[in-house]
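Enquirer: Order-wise, the sequence lines are chains H and Z. For the first sequence, UniProt numbering assigns the number 1 to the initial residue and increments by one for each residue that follows. For the second sequence, UniProt numbering assigns the number 1 to the initial residue and increments by one for each residue that follows.
One or more hints might be untrue.
[Said to hold, decoys possible] Dumping the calculated DMTMM-like pairs for lysine to aspartate or glutamate here, alpha-carbon to alpha-carbon at most 25 Å:
#1 Lys-3(Z) to Asp-241(Z)
#2 Lys-154(H) to Glu-94(Z)
#3 Lys-100(Z) to Asp-236(H)
#4 Lys-347(Z) to Asp-98(H)
#5 Lys-32(Z) to Glu-4(Z)
#6 Lys-100(H) to Glu-4(Z)
#7 Lys-342(H) to Asp-313(H)
If you are wondering where the hints come from, they were derived from the structure by calculation, not from laboratory data.
Protein chains: 2
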Amino acid sequence: MIKELTVDLGERSYPIYIGEGLLENIASYFEKHGISKGSPLLIVTDGQVGPHYLEGVLERLGTAGYQAASYTVTAGEKSKSLAVLEDVIGAALEAGLDRKSAVVALGGGVVGDLAGFVAASYMRGVRFIQIPTTILAHDSSVGGKVAVNHPLAKNIIGAFHQPEMVLYDTSTLQSLPDREVRGGLSEMIKHGLIWDADFAYWCEDNAERLVGLDPEALQYGLYKGCSVKAAVVSQDERENDLRAILNLGHTIGHALEAVAGYGELTHGEAIAIGMVGAARLSVKLGHPEEIHTITKRIFEKFGLPVRIPAHLDTDAIMRAMMHDKKFGEGRMVYIVPVAIGKVEINKQMDPKLVREIVDELKQED
Amino acid sequence: MIKELTVDLGERSYPIYIGEGLLENIASYFEKHGISKGSPLLIVTDGQVGPHYLEGVLERLGTAGYQAASYTVTAGEKSKSLAVLEDVIGAALEAGLDRKSAVVALGGGVVGDLAGFVAASYMRGVRFIQIPTTILAHDSSVGGKVAVNHPLAKNIIGAFHQPEMVLYDTSTLQSLPDREVRGGLSEMIKHGLIWDADFAYWCEDNAERLVGLDPEALQYGLYKGCSVKAAVVSQDERENDLRAILNLGHTIGHALEAVAGYGELTHGEAIAIGMVGAARLSVKLGHPEEIHTITKRIFEKFGLPVRIPAHLDTDAIMRAMMHDKKFGEGRMVYIVPVAIGKVEINKQMDPKLVREIVDELKQED
Ligand SMILES: NC(=O)c1ccc[n+]([C@@H]2O[C@H](COP(=O)([O-])OP(=O)(O)OC[C@H]3O[C@@H](n4cnc5c(N)ncnc54)[C@H](O)[C@@H]3O)[C@@H](O)[C@H]2O)c1
Ligand SMILES: NC(=O)c1ccc[n+]([C@@H]2O[C@H](COP(=O)([O-])OP(=O)(O)OC[C@H]3O[C@@H](n4cnc5c(N)ncnc54)[C@H](O)[C@@H]3O)[C@@H](O)[C@H]2O)c1
Ligand SMILES: [Zn+2]
Ligand SMILES: [Zn+2]
């Protein structure tokens, strides 16, 4: 059974389909959504995903009468660059993509962000389809934020460009390395923590099934996670306000990723620590103690880290946070839980308090 | 006296101000339009424009309390690249531009297109201000098309990103080389030919004053030219249909630029020849002979070329046109005048007819 939900954005609304083996019918989804057979498509994937799923996708589309070219980038964050963007656009030109063509992302968040910016900028914008193949991508494939990195800053060059549809085939997740699985689940839990306490507790209760890639649990978890993301994005497409709550755990998380040197901690691991930190901060501000104990307990159930590796320097972490641009005149914008399933945007956070939390997170037992 | 007109695009509407010495009051325009003094600005210019006007702009903005950084690119089309885009975005990051900042283009169409795509993509979009310094830029600064080039295709990577305002100071045109003046006037005449016969005849009657950079004639001509562009863009922002009429003369024009090797013919010269060609085609299709004679007479008055240099190969020109993507199944989309001041979009043009025209344009007496 395929689950379906809609990202509600007026004229730019689109569906998310989630289910086991859904890509076997990829062509019928393309047909249903009026993707033109008269104009070539470009499938963008990476060197780890392509070998598993590209051939099947090309074959099914070809059989149905689509003219699909492909371009494979090197796996990893480094491919989110303007240099690789130029290569992908070269491939689009060589394949003859025109204004009625679509660009298709087959991969995780890296491929989605890159291919999405190709779709946003090629001929000033063509259609875009997301085929996410990581758990983390239940976050990145929904909401229309697309971007590449600059040597001086992540995700700084981009656009808002919503896809036509998101095709989530949970069977592709079976080949995902375990660390990527847990990292992606960290964002899924985040969606519970910011919006839906029942879902957060459901995650806790189903940790084993999720980590073990049980298809039914995955389908439900991704459906709920995408629903939260969709609800938030529908209310604030361009991050004027509410959308900021999606950054729960990310202020400390991004700083940890930067200081640890990308690689020691995955993004999902870093934000797990960050969410435990935000829960601590919440308690410090007078909210119930259990926000911290429960948050920590959930992440531990998933084998995700809940403390800052002791060798990471507090000063360095604080400096990295300053760079993260969430500052305004000596005060920080900070997403703070006020209960399980509910957060607030605090625009007056005292960096001294955050520093205390960082120190405590090294001692977290 | 400053002339003002509005580009009518609903929420994205914006004013164009045109007048002699207008930049002396640049800060008051910025204030009037709520450009924030709390966030840094980035002025983008090029190596030929900067030495004339950058210091004055920075000084006036600084005096008014704006924090303005600048970045100067090499003059010329080569700066419309992703590599230069990355450099400009680096400068924006170093200057600390945030989501409330504005990017300002001080220059011709090259700087406008490049800086505009910076504004469209930096942090997924910040405010943008156009300060055009060429006559051609009365065309390029209005309408929100921004882009850089790919090694395989011009203007293929870009966005629709409307400016907040266009500040046209006609005194900056005094330093413009004569060939750039005439080239820019070619687009001005185009605006008469596609939309407004009276304006086309006014251009003819005032050729000498325009080429001689008479401030009053320039102001009126730029005002009328911008008005036509604004009217067309208001009706079809994203070039679904009507906006294509702005391509009068450009099918042959682009092909001539490509075959001559960029440099032999300026863009304005190439499209002058192209517009004479389109007029010939019109007569061939049964429209009045005078469309051709009058069109040719106007361009000759401006010292613009009306024939294809004999050494350019007809086959090469036709091949370049095929690449220009205005084709659909053996037929071309072609903008054809049906009277002075009126054109139609012909989607069924026979390339054989176009080939005849190219040959005749070499013999044009
Ligand atoms: N646009 C947004 O709203 C948004 C939100 C969150 C994150 N992001 C971005 O997403 C990116 C991270 O996404 P990610 O974690 O999916 O990274 P990723 O795309 O790099 O995937 C992680 C790794 O898993 C491999 N992989 C992917 N799918 C696989 C599969 N099915 N089988 C085997 N291997 C597979 C990839 O090749 C890669 O090596 C970051 O660049 C981040 O900035 C974007
Ligand atoms: N966005 C659009 O809708 C649109 C429309 C038409 C053309 N264009 C683009 O515009 C570009 C051409 O514009 P352009 O002709 O203004 O080119 P340009 O910006 O290169 O300027 C032409 C030359 O004149 C110099 N210059 C500019 N202003 C000057 C001044 N006041 N004094 C002295 N020198 C000066 C420049 O340094 C350059 O060398 C092309 O890249 C074309 O693709 C865009
Ligand atoms: Zn994240
Ligand atoms: Zn032109």
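Enquirer: Can you give the numbers of the hints that this structure goes against, from lowest to highest?
Expert: Going through the list in order, the structure violates hints 1, 6 and 7 and respects the others.
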